[in-house]
Structure formats: structure tokens, C-alpha cells
Amino acid sequence: MKMEEDTELRLLFKYPLISKTSKGGTLIYKGSVYVKEEYYEITITESSDNNFTLTLPEELTPFKDEIDEVVTKLHPKNIEIVLDAVSSFIETKVPSNKLVDHSDTYKHILYEYWDFTRFYLNIKSSCLAYDLSKVDISTLDQAGRQHAIQVSFNFYDEDLFSITSSDLPQGNLFKKSSSLKDIYDQFLAAVEVFQPFFDLMEVFDRHCWVLDPERPKRSHDYRRIWIEENFSVIITVNPSDVSRLPDIKFLGPERSVDKYRDALNANLCDWDPSGGVFSGILSLLGLECFPQKPAASARGSDLLLEDSDCSICFTSRLNNKLPEVVCNNKSCEKHYHAECLYEWLMAVNARRLFTEVVGQCPNCEKNIACPIPK
Amino acid sequence: MKEVVPTPLTPMERMQRQRLGQELLKMNKSPPEGICVSRNSDRYDLLEANITGPAGTPYDGGVFNLQIIIPEKYPFLPPSIKFVTRVYHPNIDDHGRVCLDLIKMPPAGNWKPTLGLEGILIAVRMLLEFPNPDDPLMTHIAEEFKRNNENYVTKAKSYTEKYAQQ
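As they're listed, the protein sequences go chains A and B.
Here the first sequence is numbered in this note's numbering, starting from 1 and rising by one per residue.
Here the second sequence is numbered in this note's numbering, starting from 375 and rising by one per residue.
Source of the hints: derived by calculation from the structure; they are not laboratory data.
Some clues are possibly wrong.
To be verified - Quick list of in silico lysine to aspartate or glutamate cross-link-like pairs, EDC-like style, CA-CA up to 20 Å: (1) K403/B <-> E229/A; (2) K374/A <-> E324/A; (3) K64/A <-> E41/A; (4) K447/B <-> E387/B; (5) K456/B <-> E254/A; (6) K403/B <-> E365/A; (7) K536/B <-> D258/A; (8) K478/B <-> E365/A; (9) K14/A <-> E37/A.
Claimed, not checked - Pulled a few chain A residues facing chain B out of the computed Cβ check, cut under 7 Å: (10) G252; (11) I312; (12) P362.
Stated by the list, open to error - Here are a few chain A residues that face chain B, going by a calculated C-beta distance under 7 Å: (13) L211; (14) D212; (15) N230; (16) K249; (17) L251; (18) P253; (19) S311; (20) C313; (21) F314; (22) L318; (23) N319; (24) E343; (25) W344; (26) A347; (27) N363.
None of these values were measured; they are calculated from a predicted model.
Every residue, glycine too, gets a C-beta built ideally from N, C-alpha and C.
Construct the entire structure; sequences and hints are all you get.
What follows is the structure, given as C-alpha cells:
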């Protein structure tokens with residue numbers, strides 16, 4: 001009896017928030033345990049043959065199976081062992097919701113940033129985010145081109161700094177580092193390595209009619225270049241070694257592709273980038289120069305159709321008539337010639353009603369009525 | 375010998391040709407990414423298109439040739455599109471036929487005269503990027519795409535390397 005009282009007392013000391021009630025042959029322990037500055041509400045029932053059943057709070061449900069296993073393995077004789085096991089499990093395995101103190105890391109970031117901005121002379125701009133989550137840094141290369149990177153901080157990693165975005169090709173080659181200076185050095189080295197690449201791409205952009213990418217970025221390693229009507233070439237270069245034979249693909253009708261591919265195959269063995277990669281590529285293709293983009297006025301509008309054009313025939317005048325049917329749907333309001341719309345509605349078996357055909361607008365699929373043309 | 379006099383075009387026929395010409399002109403001036411269309415021969419209704427395999431797909435690095443036939447009733451009937459280059463894809467069969475609802479007439483399909491060749495070709499290129507295994511033309515490829523994607527990628531890549539090179 002004395003022993004039992006001791007246990008009860010110790011229980012009260014160790015787990016003062018657990019209360020004990022009994023119901024029939026079973027004992028019910030209910031209350032909370034306090035681990036790592038947090039309370040966990042639990043209920044444990046003990047049957048007469050020393051079987052313990054645990055009811056856990058929501059935040060512990062993901063660990064329920066593990067906890068049950070730990071407890072059954074112990075073959076506990078009394079409630080204290082069970083509670084000890086649960087508390088130590090929570091302490092070691094369950095991550096705390098409490099905020100981790102990052103002040104040391106922030107101090108480190110601030111120091112690194114201060115040191116970094118005083119150390120280099122070639123920083124074009126640098127900006128540390130107000131919430132100390134990232135730094136944006138840019139520099140100018142020897143040709144006056146601006147290059148930028150964004151550095152983020154990995155709070156749970158010894159290598160605190162990593163480059164998360166850059167305008168360099170193959171931007172994923174950077175290593176994480178504990179020093180911001182080291183990161184910047186990597187960036188400068190990469191900018192240096194890619195100088196011939198940037199030079200070449202600039203020549204393309206200046207001397208060719210580039211169809212794609214529409215707005216080339218420094219990271220784009222290809223250009224789709226207009227050669228002649230309906231015929232273009234995609235040139236992909238190796239950013240780290242532009243003197244390597246570039247990948248050349250032709251887009252266009254077969255006869256043109258054949259013509260240029262034959263020329264390319266004949267010239268391949270003479271690939272010589274020593275006199276400039278750009279002129280090397282030109283002689284690969286058997287060209288004197290790439291055609292220039294025509295002046296804007298000669299090209300006319302880029303739009304396929306104006307708002308007031310018929311959306312089926314893509315013109316404004318058909319038989320000298322302007323489009324006379326307009327879709328009633330406010331967000332559509334497409335224009336159609338009665339002839340064009342009628343032709344379409346009849347093709348999809350629309351209903352004829354007296355002098356009209358009723359069907360769906362080919363653009364927005366709302367109902368539209370079209371007078372039957374004479 | 376009788377002289378062949380071409381019958382004059384009706385206003386509707388003239389409009390149909392004009393629209394196609396306009397579409398081709400626009401696509402030549404500012405082509406969509408990875409797509410090129412050109413008239414193949416003297417035939418008004420036969421077009422040729424090249425599509426580059428989208429980056430990050432097993433078709434990357436390939437150039438695929440397509441044949442487009444413009445029906446007499448275009449744009450009231452959809453163009454027919456066929457891959458000339460062999461492709462390993464759940465929605466493209468051995469004969470190059472493409473399963474795409476945009477190039478079928480309603481009610482089974484979704485063709486509309488307000489769509490153009492450009493939209494259709496962009497959709498075809500998208501199909502290379504995002505196959506639709508739930509509406510397959512090649513059931514075994516669709517199964518493979520769903521259950522054994524690695525195998526599918528390897529095979530599609532080997533087809534691209536074998537057939538889609540210039």
C-alpha cells in the first residue's frame with residue numbers, strides 16, 4: 001500500500017495536470033502533459049489487466065501509430081511509465097510549433113551584406129529586402145551590359161546563401177555558400193565566362209530579324225531568324241563555348257529546307273569560328289548576311305483582324321458590304337457578315353425561323369440570329 | 375484543242391482564299407513559337423508545317439513535319455492535319471492522324487470558323503506537350519503513358535531521335 005501511495009505522489013509531482021478517475025474496473029487518466037513549453041491534452045485508460053489505451057490530441061494524430069508502438073513495446077506496469085514514454089516521444093520526435101529564433105542568422109546576414117557592399121567596387125546596384133529574405137544584386141560587364149542575380153537565404157542550412165534566379169544561361173550551376181562574397185565571385189566568374197556568348201547574341205539581335213524569342217533575355221541560347229518568305233532557321237549555341245558548332249534547325253517548306261541543308265552539309269567541314277562565330281555561321285549557311293527586318297511602316301499592322309472586321313472571313317468588306325451582324329453578348333460583340341455567319345450556321349444545322357437562322361455565335365457560343373441573305 | 379478557261383471565283387470563294395492568304399501572311403511575319411507554315415506547291419489547298427518539339431518533353435530537339443489540307447469549304451470546314459514525321463504519342467496514330475477535337479466538326483468536335491490555322495497549330499504543339507491519354511488514338515501508348523511513363527518517355531525520345539531529325 002505504501003508503494004502505491006508513493007507512485008501516486010510522484011505522479012502528482014511529475015504530472016500535476018493529470019487527474020485520475022475510476023469507472024467500473026477501468027482507471028481513466030485525463031489532463032495535459034507539458035512538454036517544450038506546450039500543453040498536449042491526453043486521455044489514457046487503464047483496464048484491470050494493465051492494458052493502456054491512449055487518446056491523443058489532434059496535433060499528435062500523425063504520430064499515433066508510433067506512440068502506440070512505443071507504449072506497447074514497454075509493457076508498462078503503471079501509468080507513470082506510459083506518461084514518461086509519451087512525454088519523451090513528444091520531446092524528441094515532435095517538432096515544436098514555436099517560432100525558431102533566427103536573430104543570429106539575421107545578424108550574420110546583415111554583417112555579410114555590409115561586408116560585401118564595402119568590399120566590391122563593381123556593384124551596379126544591390127538591395128537587401130526589408131524583411132531580410134533576399135538580396136538583389138546587379139553588375140555591369142566589360143561591354144556595359146547589366147547582369148542581375150537574386151540571392152536567397154536558407155535558414156536551416158549551414159550554407160546560408162544561394163542564387164535563386166539569374167539572367168545567365170545555365171543558371172543552375174551555382175553552389176550554395178556561407179559567404180555572400182563567395183556567391184558574388186561565382187556570379188562574376190560566370191559573367192566573365194559567358195562574355196563571348198553575350199557578344200554573339202547581341203550580334204544576332206543587331207544584324208538579324210529575330211522572330212523568336214520575341215524579347216530575348218540574356219539567358220536565351222537560341223534565336224529563330226527570318227531567312228526568306230516562310231523560311232527561318234533556329235540557331236542554338238553552346239553558351240560556355242560559342243566556337244563549338246551550333247545546333248541548326250530549319251523551319252519551312254521542304255524544298256527550301258533541302259536547299260539550305262545541302263549547303264550546310266557541304267560547308268560543315270569548313271566550320272571555322274576563328275574569324276568570328278557570326279561570320280562562321282553565315283558561311284555555314286552559305287549566306288552573305290541575314291536579311292534585315294523591314295521597316296515598321298512596310299509591314300503594316302501585326303493584327304490578323306481588326307475589331308470591326310468579320311471574324312469569319314477576316315476582312316471588313318465582302319461584296320462591298322461591311323459586317324452587319326454583331327453578337328449580342330457584351331463580352332463578345334464579334335462582327336460577322338450575314339453571308340459568312342449564315343454559311344457557318346447552315347453547316348452546323350442551325351434552326352431556320354422565317355427570315356432568320358438561329359444558332360450559336362462561333363466565338364462565344366451564345367445564341368445569335370442571322371438574317372438569311374438574299 | 376480546247377482552251378481551258380478557269381471559272382471565275384464567286385465572292386464567297388474569293389473571300390475564302392483571301393482569308394487563308396491573310397492568315398499565312400500574318401504567320402510568316404510573326405510566327406508563333408516553334409511553328410512555321412508554308413505553301414508547299416502550286417496547289418492552293420496544300421500546306422506544309424514544321425513544329426519543333428517543345429522543350430522539356432521527349433519531343434524536344436525534333437522537328438516534325440505536318441501536311442495540312444485546306445478543304446474547299448474552309449473556314450466553314452476545319453483543315454485536315456496529318457503528321458508526316460513519325461511520332462510516338464497517345465493521340466497520334468501510325469498514319470500521322472491527330473486526335474484533336476478542334477479539328478473536327480461539331481457536334482462531335484469543336485471547330486469554329488473563328489479559329490485559324492495558327493490556333494490549330496498551337497493546339498497541336500500543345501498536344502505534344504500535354505498528351506491526352508483519356509481520349510487516345512493509340513490505346514497501348516495511352517496505357518503506357520499512364521502506367522509506365524518512363525517507358526513512354528524513352529520510346530518517344532527514341533522516335534524523335536530516329537525520325538524527327540533533319
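Results for each hint:
For a cut-off of 20 Å, the pair hint linking K403/B to E229/A stands: about 9 Å separates their Cα positions. Distance restraint check for K374/A and E324/A: the Cα-Cα separation of roughly 14 Å lies within the 20 Å cut-off, and the hinted pair is therefore satisfied. Distance restraint check for K64/A and E41/A: the Cα-Cα separation of roughly 14 Å lies within the 20 Å cut-off, and the hinted pair is therefore satisfied. Proposed proximity of K447/B and E387/B is supported: the alpha carbons are some 8 Å apart, at most 20 Å.
Distance check on the hinted pair: K456/B and E254/A sit about 16 Å apart at the alpha-carbon level, within 20 Å; holds. Under the criterion of a C-alpha separation no larger than 20 Å, the hint pairing K403/B with E365/A is inconsistent with the structure, at around 31 Å. A distance of roughly 18 Å separates the Cα atoms of K536/B and D258/A; the hinted pair therefore holds under the 20 Å criterion. Proposed proximity of K478/B and E365/A is supported: the alpha carbons are some 16 Å apart, at most 20 Å.
Distance restraint check for K14/A and E37/A: the Cα-Cα separation of roughly 15 Å lies within the 20 Å cut-off, and the hinted pair is therefore satisfied. For G252/A, the interface hint holds, the least distance from its beta-carbon to any beta-carbon of chain B being 5 Å, beneath 7 Å. The interface hint given for I312/A is met, as the beta carbon of that residue sits about 4 Å from the closest beta carbon of chain B, less than 7 Å. Residue-level restraint check for P362/A holds (minimum Cβ-Cβ distance to chain B is 4 Å; threshold 7 Å).
Nearest Cβ of chain B to the Cβ of L211/A: about 6 Å, under the 7 Å cut. The hint holds. The interface hint given for D212/A holds, since its Cβ lies 5 Å from the closest Cβ of chain B, which is under the 7 Å cut-off. With its C-beta approaching chain B no nearer than about 4 Å, N230/A sits inside the 7 Å limit, and its interface hint holds. Here the hint on K249/A is kept, as its CB sits about 5 Å from the closest CB of chain B, short of 7 Å.
A least Cβ separation of about 4 Å between L251/A and chain B falls short of the 7 Å threshold, and the interface hint therefore holds. With a cut of 7 Å, the hint placing P253/A at the interface with chain B holds, because the nearest CB-to-CB distance is about 4 Å. For S311/A, the suggested interface contact is upheld, since its CB lies about 5 Å from the closest CB of chain B, less than 7 Å. Checking C313/A against chain B by beta carbon gives a least distance of about 4 Å; that is within 7 Å, so the hint holds.
A distance limit of 7 Å between C-beta atoms decides the matter here; for F314/A the minimum to chain B is near 5 Å, and the interface restraint holds. For L318/A, the suggested interface contact is upheld, since its CB lies about 5 Å from the closest CB of chain B, less than 7 Å. The beta carbon of N319/A is positioned within 7 Å of a beta carbon in chain B (closest approach about 5 Å), and the interface hint is therefore held. With a least beta-carbon distance of about 5 Å to chain B, the hint placing E343/A at the interface is held under the 7 Å criterion.
For W344/A, the interface hint holds, the least distance from its beta-carbon to any beta-carbon of chain B being 5 Å, beneath 7 Å. Given hint, A347/A at the interface with chain B, holds; its Cβ is 5 Å from that chain's nearest Cβ, closer than 7 Å. Hint status for N363/A relative to chain B: holds, with the closest Cβ pair at about 5 Å, below 7 Å.
Hint 6 alone, counting from the list given before, is not met by this structure.
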